[in-house]
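2 protein chains.
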Amino acid sequence: MKKFNENKIIKNITRLFNFKSNFKFTDDLLLLKGIGDDSAYWKDTNYAYCTSTDSLVENVHFKLDYFSAIDIGKKSIAVNLSDIAAMGATPLGMLINLGITKKQDERWIDDFYKGVYELSNSYNSPLIGGDLVYSPHLFISVTCFGYRKLDQNSNTEIFLDRSKSNEDDILYVTGFLGDSRAGLDILNSDIYHTPYKTHEQKLIQSHIYKKPRLEVGLKLIENGITNCIDISDGLLIDSERLAVESEISININQKSLPISENLKLAFPDNYLNYALIGGEDYELLFSAPKSMNSLLLDVFEDLNIKLSQIGEIRKGQSEIFLDNELTDVKGWDHFQNQL
Amino acid sequence: MKKFNENKIIKNITRLFNFKSNFKFTDDLLLLKGIGDDSAYWKDTNYAYCTSTDSLVENVHFKLDYFSAIDIGKKSIAVNLSDIAAMGATPLGMLINLGITKKQDERWIDDFYKGVYELSNSYNSPLIGGDLVYSPHLFISVTCFGYRKLDQNSNTEIFLDRSKSNEDDILYVTGFLGDSRAGLDILNSDIYHTPYKTHEQKLIQSHIYKKPRLEVGLKLIENGITNCIDISDGLLIDSERLAVESEISININQKSLPISENLKLAFPDNYLNYALIGGEDYELLFSAPKSMNSLLLDVFEDLNIKLSQIGEIRKGQSEIFLDNELTDVKGWDHFQNQL
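These protein sequence lines are chains U and G, in that order.
For the first sequence, our numbering begins at 50 and goes up steadily by one.
For the second sequence, our numbering begins at 50 and goes up steadily by one.
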């Protein structure tokens, strides 16, 4: 079985395209971030736009055993809108390419788009186009767009950016960690049998039904936060990305990690692993100066969303510490695992 | 084998999303075209943006028997930039999602992106992001963006639009018709054996190497042309789309169709079929008032691109006539043929 080194491939691509920040299309149309970031973005005189894309492949990213057509429609959009959330942008719309096989019928396709519609509608992000093709293997590619109206008098960032976390900041994360991956493992494991217990059902639900944190991203940027990343690949791996791009180090206090009672009940021996490297969470990770702590607590109380202080930003060269001990970051890398 | 009705599915989706033109995100940010058109587009105070997406699936849209990694990289981009060309937009960048199988190695992936780079570079359309996933079946999804700086003093269209062809206009098409599909059929047919004859090689090359007509789209909009469509699905089927959206009818003069000597040599008995319903051409079809004819001839002489007058626009209800006889439009519908 061949092994791919995704990071090496992406480095090759980035080198090939030799992307320069501040690529000028016209005097007032500037590409500010290109390849190598969560979302690319550009600005003109009055607006900035960001865009992000993901593909989901059957039996790689989801199984139809436990994802109904409606739910996979919802998940496709939620995963992608999570990138827009991490930018602090407002959704502008999305494109969906659906590669369907002979197993899907018109009913399945209709249901898929009903799921898409449900999220599209609740986040005011219209489906503006796409492509419908036959494929021997089911796949979905989604591209979302976000915008921000520029305020010439404000000194907030254009978008949240994973390169703008600062030394001495507090590290925050939204929601609970690890539940989604735990739910996935329960679905994939033979040792569980339906009917699931209540706490197992709740973990499964947190895998199936994701909520992009759009309202959080918008509140962060409004309140002067500069940086953010969504932790879809796992807390450790995404913390390292934040550390690399921001040229800082991060210490995480394991006792402060937000772990649900459901996760502790289901996996009493390794819930910390789920929280640290589980992935699939789509929560937001960001840092802010200590002076903003009480403001942030108020903002999240108003939003009615759990916010946890899980560590701090330190001077350093992209090291990740767990309880002050240097750690070797490993995560579930979809790509490495599958090939 | 199940039959899908792509038009019915798309109608269902369009109804579900209940798209309204002039959807206002803010006072000065308007979505002008959503689902159901070639490209979606929106405008703010100073710029308009369009976006379009396509997926290519191995053995559905291309075969690796005759597409090298570099060539499939180029083709993916060319197909998508053709939609930007048909809008009269300038490319702003693109996203690529690559679903790779165990058969592709790092060399293949590098070569693919070299092909992407070649087109990206020659059309100044940077690769700004994407997704790289494992898939049991090779697929490529490409999303391109285009822009146009708005000139408040000009009364040209924001973008070329397939709904804006007018009665009494002359119908024009760029390049030659049918060569690309003929090349594909030669590649797929057992009766041909390499070494191919020169005219067969030329037809094959016109299938493998596509050139998006970006310079044409820009010249059309600059010169006050209002409508355009790229004829990737075949002249008849795309003429009907222009007729339906513009609420007019079209007469095509078969003697005026631009047919290459290579196509006549390879298919002396059915070259007209290739020209009418072959598809895969990615040439531009548009109409313009008779008064603009000499201007257009000058413009295309400067561009050094072949332009042919192939018919005229008539009052009517989306009928397509061939030499004044009403015809029943049929095309190669990828979707219907494959499922």
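Keep in mind the hints are simulated off the structure, nothing from the lab.
Remember, predicted model here, so these are calculated numbers, not experimental data.
Treat the hints with care, as some may be off.
Which copy is meant is left open, because identical chains are indistinguishable; a pair holds if it fits in one copy or across any two.
Said to hold, decoys possible - The list that follows gives simulated cross-link-like pairs (lysine to any residue, SDA-like), each with its CA atoms no further than 20 Å apart:
1) Lys-57 / Thr-150
2) Lys-213 / Gln-250
3) Lys-339 / Asn-302
4) Lys-92 / Leu-80
5) Lys-251 / Leu-236
6) Lys-260 / Asn-54
7) Lys-163 / Gly-365
8) Lys-73 / Asn-170
9) Lys-57 / Asp-154
10) Lys-152 / Glu-55
11) Lys-57 / Glu-155
12) Lys-60 / Leu-371
13) Lys-364 / Pro-307
14) Lys-92 / Leu-375
15) Lys-213 / Lys-339
16) Lys-60 / Leu-181
17) Lys-246 / Ser-357
18) Lys-73 / Ser-171
19) Lys-313 / Asp-234
20) Lys-57 / Ile-158
21) Lys-213 / Asn-342
22) Lys-260 / Ile-308
23) Lys-339 / Tyr-245
24) Lys-198 / Leu-267
25) Lys-304 / Asp-239
26) Lys-60 / Thr-94
27) Lys-92 / Ile-207
28) Lys-57 / Thr-243
Margin query: Flag every earlier hint the structure violates by its number, smallest first.
Written below: Numbers 2, 6, 7, 12, 13, 14, 17, 23, 25, 26 and 28, in rising order.
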